[in-house]
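**Student:** Going down the list, the protein sequences come from chains A and B. In terms of this note's numbering, the first sequence opens at residue 108 and continues consecutively. In terms of this note's numbering, the second sequence opens at residue 339 and continues consecutively.
These are computed hints drawn from the structure, not numbers from a lab. Misleading hints may appear alongside valid ones.
What the hints assert, rightly or not - These stretches of chain A come out as covered by chain B in the derived footprint (C-beta under 8 Å, 3 or more residues):
id: 1; stretch: 116-126
id: 2; stretch: 132-142
To be verified - Simulated DEER-style distance windows between Cβ atoms:
id: 3; chain 1: A; residue 1: Y143; chain 2: B; residue 2: Y468; range: 19 to 25 Å
id: 4; chain 1: A; residue 1: H144; chain 2: B; residue 2: G384; range: 51 to 57 Å
id: 5; chain 1: B; residue 1: R490; chain 2: A; residue 2: T156; range: 34 to 40 Å
id: 6; chain 1: A; residue 1: G119; chain 2: B; residue 2: P387; range: 47 to 53 Å
id: 7; chain 1: A; residue 1: D118; chain 2: B; residue 2: T372; range: 33 to 39 Å
id: 8; chain 1: A; residue 1: D147; chain 2: B; residue 2: T445; range: 20 to 26 Å
Predicted model only: the values in this text are computed from it and were never measured. C-beta atoms are modelled at their ideal positions from N, C-alpha and C, and glycine is treated no differently.
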Amino acid sequence: MDKRIVYTQDDGTVAVIVPTVSVELALKDVPTGKEYHIVDVSEVPSDRTFRDAWTWE
Amino acid sequence: MDSGLMVTKVNGNSTSTFGGDVDLGANNLTTTGTLPAPDALSTASGSAPSYSARAWVNFQGSGTVTIRASENVTSVTDLAVGRYEVNFTNAFADVNYVCVTGLNLNTAGGGSVNYNRMAVSNPATTSKAYYNTFSTNAVLIDVNVNQLAVFR
Numbered sequence: 108m109d110k111r112i113v114y115t116q117d118d119g120t121v122a123v124i125v126p127t128v129s130v131e132l133a134l135k136d137v138p139t140g141k142e143y144h145i146v147d148v149s150e151v152p153s154d155r156t157f158r159d160a161w162t163w164e
Numbered sequence: 339m340d341s342g343l344m345v346t347k348v349n350g351n352s353t354s355t356f357g358g359d360v361d362l363g364a365n366n367l368t369t370t371g372t373l374p375a376p377d378a379l380s381t382a383s384g385s386a387p388s389y390s391a392r393a394w395v396n397f398q399g400s401g402t403v404t405i406r407a408s409e410n411v412t413s414v415t416d417l418a419v420g421r422y423e424v425n426f427t428n429a430f431a432d433v434n435y436v437c438v439t440g441l442n443l444n445t446a447g448g449g450s451v452n453y454n455r456m457a458v459s460n461p462a463t464t465s466k467a468y469y470n471t472f473s474t475n476a477v478l479i480d481v482n483v484n485q486l487a488v489f490r
């Protein structure tokens, strides 16, 4: 699966949803009312050193 | 057909009657009605019943978070270092399900590299479970191999 769903959590940091089968099925896992974006996996950093500081712009 | 179909249970030599219909399709055998539940899985021994996992997942939590394999899981949500939610395809009837975890800091080996590492998972709602990985002193960490099986 080469797509991810990202949304901003209440604390301002980013949550990244990793689908098992399809993005469409995983959309139900976005919290109600949250704005989300579907992105390519290459847009998500693989270096997690500062993971807790990730934000979405 | 409207006559009963004799079904042999998978775990032994007892028999019971199934009164539903049988449809011999092109590639599949389908039935309607209620088949008698087996007393045990065919691979189980002893009299204690066997219960299968209702959901499970193996995912990578370091580098690019990736799901290696799963069943009854639509996604894993990466919330922060060592913090995840596992989202189920089919929700549970309640939050009394049981989460069993495993981890490995690296894909190869194990053993001493996993000392003082811990994975903790609990029901969050009927449709998702928390999954967190810790080092000593309750410090959240990322680990490579994360394993969760859910029973109910």
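**Student:** Against this structure, judge whether each hint is valid.
**Tutor:** Hints and how they fare:
1. 116-126: Three-residue rule met by the stretch 116-126 of chain A, so holds; n is 7.
2. 132-142: holds (count 4)
3. A:Y143 with B:Y468: 19 to 25 Å: Once the Cβ atoms are compared, 20 Å apart, the range 19 to 25 Å for Y468 (chain B) and Y143 (chain A) holds.
4. A:H144 with B:G384: 51 to 57 Å: Holds, since H144 (chain A) and G384 (chain B) (Cβ atoms, about 52 Å apart) stay within the stated range.
5. B:R490 with A:T156: 34 to 40 Å: holds, 38 Å
6. A:G119 with B:P387: 47 to 53 Å: At roughly 48 Å between Cβ atoms, P387 (chain B) and G119 (chain A) fall inside 47 to 53 Å, so the hint holds.
7. A:D118 with B:T372: 33 to 39 Å: Since D118 (chain A) and T372 (chain B) have Cβ atoms about 49 Å apart, the given range 33 to 39 Å is violated.
8. A:D147 with B:T445: 20 to 26 Å: holds, 24 Å
The structure is inconsistent with hint 7 alone, although it conforms to all the rest.
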